[in-house]
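**Student:** From first to last, the protein sequence lines stand for chains B and D.
Numbering (the UniProt record's numbering) for the first sequence: 1 to 415.
Numbering (the UniProt record's numbering) for the second sequence: 1 to 415.
Source of the hints: derived by calculation from the structure; they are not laboratory data.
Take the hints with a grain of salt, since some may be wrong.
[Stated by the list, open to error] Okay, the calculated beta carbon distance ranges per label pair:
no. : chain 1 : residue 1 : chain 2 : residue 2 : range
1   : D       : E188      : B       : A302      : 33 to 41 Å
2   : D       : P285      : B       : P25       : 35 to 43 Å
3   : B       : A302      : D       : P25       : 28 to 36 Å
4   : B       : E295      : D       : A187      : 24 to 32 Å
5   : D       : K314      : B       : E215      : 32 to 40 Å
6   : D       : T150      : B       : I284      : 15 to 23 Å
7   : B       : C268      : D       : A83       : 54 to 62 Å
8   : D       : P411      : B       : E295      : 30 to 38 Å
9   : B       : V286      : D       : D9        : 33 to 41 Å
10  : D       : D414      : B       : V220      : 52 to 60 Å
11  : B       : L146      : D       : D151      : 43 to 51 Å
12  : D       : S115      : B       : V220      : 41 to 49 Å
13  : D       : T48       : B       : K296      : 53 to 61 Å
14  : D       : P285      : B       : N308      : 54 to 62 Å
Using N, Cα and C, we set each Cβ at its ideal position, and we do this for glycine too.
There are 2 protein chains.
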Amino acid sequence: MSWLPIPSDSDFTLANIPFGVFRHPITGTGHPAIAIGEHLLDLHVFSTHGGFSQLPEMVEHLEVFKQPTLNAFAALGQKTHRAVRAYLQQVLTADSPLAAVLQYDETLQKQVLFSQDAVEMLLPMEVGDYTDFYAGRTHAFNVGCLFRGTDNALQKNYEQLPVGYHGRASSVVISGTPIMRPNGQTAEGVMEKCKRLDLELEMAAFVARGNKLGEPMSVVQARENLFGFALMNDWSARDIQAFEYVPLGPFTSKNFGTTISSWIVLPCALENFKALPLQRTSTIPVQKYLLDPEEKSVYDIALTVEINGATLTKTSSKNLLWSFPQMLAHHTVTGCNMRTGDLLGSGTISGEGVGEAGCLLEATKGGKEPVALGGVQRTWLQDGDEVVIKGFCGEGETRVGWGECKGVILPALDI
Amino acid sequence: MSWLPIPSDSDFTLANIPFGVFRHPITGTGHPAIAIGEHLLDLHVFSTHGGFSQLPEMVEHLEVFKQPTLNAFAALGQKTHRAVRAYLQQVLTADSPLAAVLQYDETLQKQVLFSQDAVEMLLPMEVGDYTDFYAGRTHAFNVGCLFRGTDNALQKNYEQLPVGYHGRASSVVISGTPIMRPNGQTAEGVMEKCKRLDLELEMAAFVARGNKLGEPMSVVQARENLFGFALMNDWSARDIQAFEYVPLGPFTSKNFGTTISSWIVLPCALENFKALPLQRTSTIPVQKYLLDPEEKSVYDIALTVEINGATLTKTSSKNLLWSFPQMLAHHTVTGCNMRTGDLLGSGTISGEGVGEAGCLLEATKGGKEPVALGGVQRTWLQDGDEVVIKGFCGEGETRVGWGECKGVILPALDI
């Protein structure tokens, strides 16, 4: 039990210790931090006041906490991330051997502990490249049915490799950033405000360590090279997408904003919540470079989408056909070099049941069947809508979650 | 005329003054430079030895030449770029009012002038995001014929907007970097070394100044926000691409390497070589946000592709349907934010005649009709092939060119 009060439904228990970056109210710059209960712990100031003096392996690396992003910390590798998390768990545990570091030092507490409500969170990583996959099989099937009919819903490559495409890194924004409805072309001769604005419920992973150009990563290496996981909303302008996407894929319909959660949860915090991925239906074996030695290769995280407080979606992150290590290995198979801070999206996560659709395109059958949301019928996102994605697993003291990934829709510019 | 000897067929005349970055043989770090004849001029060392003391508007910005990339210089804007180019033209002109800065100072010359042959060139810009367009109409039509037949070769969006997709920034490499043949999946159950390795002849543009998320750029603003142009080879694994690209576009078939030329030519150096873009055939008008007020909106640059010294392609960059300012304006229409250093590719540039194809896919009709190259028949790229793209316009003292954009194919890893 922590000496800090942790609400019973908190995502930020001692079992979690997720990493993020907040704007320090005095320096005005980004400081790395971890979340605990309703607080965060400033790792920069903590490290400059001897906070890590009892963790010898970090003492020579404390400059990583002076950076305005987590990239330098991520690049230290999973062994160090695990050690720092375990150390902070001890520091925050009541009357533990390390409690003296902070529990009885009220002066230091005032310098390093902040109420999360009182500070602004910043983008936790500098994203070099952002890639979005399409590993949610139910989503891919449902969308395929809408566009190509049931028989051709999944294309031949779908169960052979993690389908993905390069996204736009510059417009990745932190939870809470408003999203402006885009203008765009939706048909020949038609320029208009997007009428089919959608959300996409995704999980995301950040790369801790990359590979050299020409030297692919194995799945085992890829798992070791992940830093942690975030919630993601890959906003989509469906009408613009439908017109622009042939033959090279989505472009301006996706690059106006991608929201990620403020907090990044380490793989070691999710170790107890592993699950089997969705089963393949193809009889053609998976290529060797994509075999994941871990049978339980995905996570069972409860995911929800709320629009203006009404629940649109309840599902689980186990609805993926491919694991993040498989996605990362595939990303490098032709030799592509990954870098610290690169962001991978899972693709939209949907379950098969009613109320399990990870986007409005699926939930409304392409806008044809409105869904009831808090007493109103709804097809696409309206101006002023607040979309909140939440995710957690475990309960009580074992609960591990992300808080929320939020965005409000602003009206389009007049054109 | 310059006081430095400039060979009669040099791309790097006084009329050019292109910008790049080389590795300084003593400091070992990247120094910004310009090319002149067979030399380059180190802008970092030149600036620290009073080289710009007679250009008052640069004196307060000299720190930009201490950076290992041109991003900070680019961010100063076109007015400054033009002033620096004009100033350096004067400095390098024999017995000009500014010749005294360098012409008679042999000590300074030894510190700032290097033979291009003697130094290593580095990536000139730090690329935030890389986007590849598809603005070469003949290429799009020819590839469309191969995949969908003549009647449906160009899709409905093609003449309404610049089709493009997000590429991979991490694997953008400088001319001379070897390219390793990739391994990948080419069909269900088939993992192999790429058999259909191709080049793509493209022009590229770097962004000097970006825009805020949600605030699109007009075509006029986009033209002012370009830094300069490079040659580009967008290597492609055609067999991997054909299997992976539905429904989200090319991915691993493109992200193993994209080569750009060492030198970036400023728009002001190309002012005399403007040309009309290809004519649209559609009767549906172009949307207002895409109207380019400049009738001559593309350039007439002579482009060639050589494989092992034999000419595969001779064409011109005027074979584009959309100008770079139009591409950039479209990129931001839904609100996407651009950043200094972002890279835009034109898409493959092909002419309509024999010997004008910008890639082997077109030149060989999908590999069915080998082309004669230096006495051998050739369909796709072989290990050891050296591909060189060249580009220039004008002649003699008005010649403006890029030197070359080169890559050699290394054998694939054994899988």
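**Student:** Run every hint past the structure and note whether it holds.
**Tutor:** Evaluated hints:
no., hint, verdict
1, D:E188 x B:A302: 33 to 41 Å, "35 Å, holds"
2, D:P285 x B:P25: 35 to 43 Å, "53 Å, violated"
3, B:A302 x D:P25: 28 to 36 Å, "59 Å, violated"
4, B:E295 x D:A187: 24 to 32 Å, "28 Å, holds"
5, D:K314 x B:E215: 32 to 40 Å, "36 Å, holds"
6, D:T150 x B:I284: 15 to 23 Å, "34 Å, violated"
7, B:C268 x D:A83: 54 to 62 Å, "55 Å, holds"
8, D:P411 x B:E295: 30 to 38 Å, "36 Å, holds"
9, B:V286 x D:D9: 33 to 41 Å, "55 Å, violated"
10, D:D414 x B:V220: 52 to 60 Å, "19 Å, violated"
11, B:L146 x D:D151: 43 to 51 Å, "26 Å, violated"
12, D:S115 x B:V220: 41 to 49 Å, "47 Å, holds"
13, D:T48 x B:K296: 53 to 61 Å, "59 Å, holds"
14, D:P285 x B:N308: 54 to 62 Å, "40 Å, violated"
Of the numbered hints listed earlier, those contradicted by the structure are 2, 3, 6, 9, 10, 11 and 14.
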